[in-house]
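2 protein chains.
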Amino acid sequence: MWVRKLSRKLIVLKLGGSVVTRKEKPFTANLPAIRRLAKEISDAKLSQLMIVHGGGSFGHPLAKQYAIKEGYRGDPTQLFGFSKTRQAMMTLNKLVVDALIQRNISVVAVSPSSFIVTKSGRIATMTDEPLKKLLQTGFVPVLYGDAVLDFDLGFTILSGDQLAAYLAVQFSAEQIVMGIDVDGVFTADPRVEESASLIRHCTLQELKKMHTRIVDTSSTDVTGGMLGKLIELTPAIEKGISAFIVNASKPKNVYKALRGESVTGTLIQKT
Amino acid sequence: MWVRKLSRKLIVLKLGGSVVTRKEKPFTANLPAIRRLAKEISDAKLSQLMIVHGGGSFGHPLAKQYAIKEGYRGDPTQLFGFSKTRQAMMTLNKLVVDALIQRNISVVAVSPSSFIVTKSGRIATMTDEPLKKLLQTGFVPVLYGDAVLDFDLGFTILSGDQLAAYLAVQFSAEQIVMGIDVDGVFTADPRVEESASLIRHCTLQELKKMHTRIVDTSSTDVTGGMLGKLIELTPAIEKGISAFIVNASKPKNVYKALRGESVTGTLIQKT
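Taken in sequence, the protein lines are chains A and B.
Residue numbers for the first sequence follow the numbering used here, beginning at -18 and rising by one.
Residue numbers for the second sequence follow the numbering used here, beginning at -18 and rising by one.
Derived by calculation from the structure, the hints in this document are not laboratory data.
Be aware that one or more of the hints could be misleading.
When chains are identical, the list treats them as one kind, so a pair holds in a single copy or across two.
What the hints assert, rightly or not - Straight line, CA to CA, 20 Å or less: simulated PhoX-like cross-link-like pairs of lysine-lysine:
#, residue 1, residue 2
1, 75, 231
2, 220, 231
3, 26, 65
4, 100, 114
5, 45, 237
6, 113, 190
7, 114, 65
8, 75, 65
9, 75, 6
10, 113, 251
This structure is a prediction, so every number in the text was calculated from the model and none was measured.
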């Protein structure tokens, strides 16, 4: 149980694709979860917030079918697959943003592929003016894992995890709240081993030692499960931004995490 | 009647809000027109194409209600109005892009507010890397008039006309095809004066002389009617990019204009 003082500094909230969609059903949003989370975010009343959501069953099946992450191999059907993948993400994003607008939050959808180009899968160029102005003016930007252009690969997939960590660094966030579909990082798979226990707090050094032992309890996807998430978070944590991994599928957890109230999860700090 | 050779150079196609929506019915897309235009664009098979559409009955009623164009006056309901205006534009854009995907065009929606910030209503900063890469890779970017952040005003409305002309200059287009809901520029209002005649061809100098005489036959909106369109087009025409104004509400006109085939309309060239 960890308590953070409610601050005016930026919080980046990542909502996993497995939370906002039904991962096993292609192109199916988890609307009850989206609406509940919209209410929790509204109730938390944060002054500086940025939201990034994953692709789940909207982005991943198409990305996989057309091998978008692997890059453009000169096959025109892949171009069309990129178009469809992007549009599927726009469809999911619209559902998320609509739910947030329903809760009277002044959100603005921001399309990663419209302002970011990657290089071998890593964010290479990004204009930060629109996002900076949005935050300054009092908006809540809503971004997502996206199919993006890539200097080396032609195109690829930019995961919501990489994006969330990058934005947290770029805009000097205080914390990244990672809302996933399990309670946090475990010492072993709790579905298999009874002795498995939740890691409630760890430092970056402890985390790095654990890398080999971390069990992937989160649903795997093209952007790489729990270990992938931790690796993506590392540069942000190194900059002093804490990461708090909570189960966003359980009601009130995201609300409490945003408010800095006591909640079950894994907190990772630099030291 | 004017014929352009089909070229491999970029064409920027602007589709007016009065063409893709039913202007008199709030939040009502003109789906038959959108689908017809998607087929015409698909049939035209251009290798370098960028599409910009207007807001029509999606963007304008909200933009007007919350005085978005005039800028942020510190009223939080305006922030929420900005969110709703942007989301309405996303909704219309999704309908347009979905129709283009239905026709197997490798389109990619690009959100102006995600990569452009204006200054007193004029485009001030814009990253061109994603658009450049999209065009190079063979995609058809689809943009739209949007609610954007503004360095002086807080936020404002960026018209699809300004955007289309700016992109045409930025990416060295050969021509801007302006698809509107009348046949072109008239010497007088053809609905009132029998003597009114369509101007089929004019130079920039001739156009400037006519400014005071040009009658606004197009439906007026927050972004400023026919005269506004011509003023926005002027910087592009000065750079040698021709502007061809055609009636996109009439079948086959956009197809013919894109193909460089003979079609009724107003062609404006530098000299």
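Tested hints:
For a Cα distance limit of 20 Å, the shortest separation of residue 75 from residue 231 qualifies neither inside one copy, at 23 Å, nor across copies, at 32 Å. When the C-alpha separation of residue 220 and residue 231 is checked against a cutoff of 20 Å, the pair qualifies neither within a copy, at 29 Å, nor between copies, at 58 Å. Taking the closest pair of Cα atoms, residue 26 and residue 65 come within 20 Å of each other only across two copies (19 Å); inside a single copy the shortest separation is 35 Å, beyond that limit. Proximity of residue 100 to residue 114 under the C-alpha cut-off of 20 Å is restricted to the inter-copy arrangement: shortest distance 12 Å between copies versus 26 Å within a copy.
In this assembly of identical chains, the alpha carbons of residue 45 and residue 237 never lie at most 20 Å apart, being 35 Å within a copy and 38 Å across copies at closest. In this assembly of identical chains, residue 113 and residue 190 lie within 20 Å of each other by CA distance neither inside one copy nor across copies; the values are 36 Å within and 43 Å between. Only between protomers do residue 114 and residue 65 lie at most 20 Å apart by alpha-carbon distance; the minimum there is 18 Å, versus 30 Å within a single protomer. For the identical chains of this complex, residue 75 and residue 65 are neighbours both inside a copy (15 Å) and across copies (12 Å), given an alpha-carbon limit of 20 Å.
Only within a single protomer do residue 75 and residue 6 lie at most 20 Å apart by alpha-carbon distance; the minimum there is 18 Å, versus 22 Å between protomers. Proximity of residue 113 and residue 251 under a CA criterion of 20 Å is satisfied in neither setting, with 25 Å inside one chain copy and 39 Å between copies.
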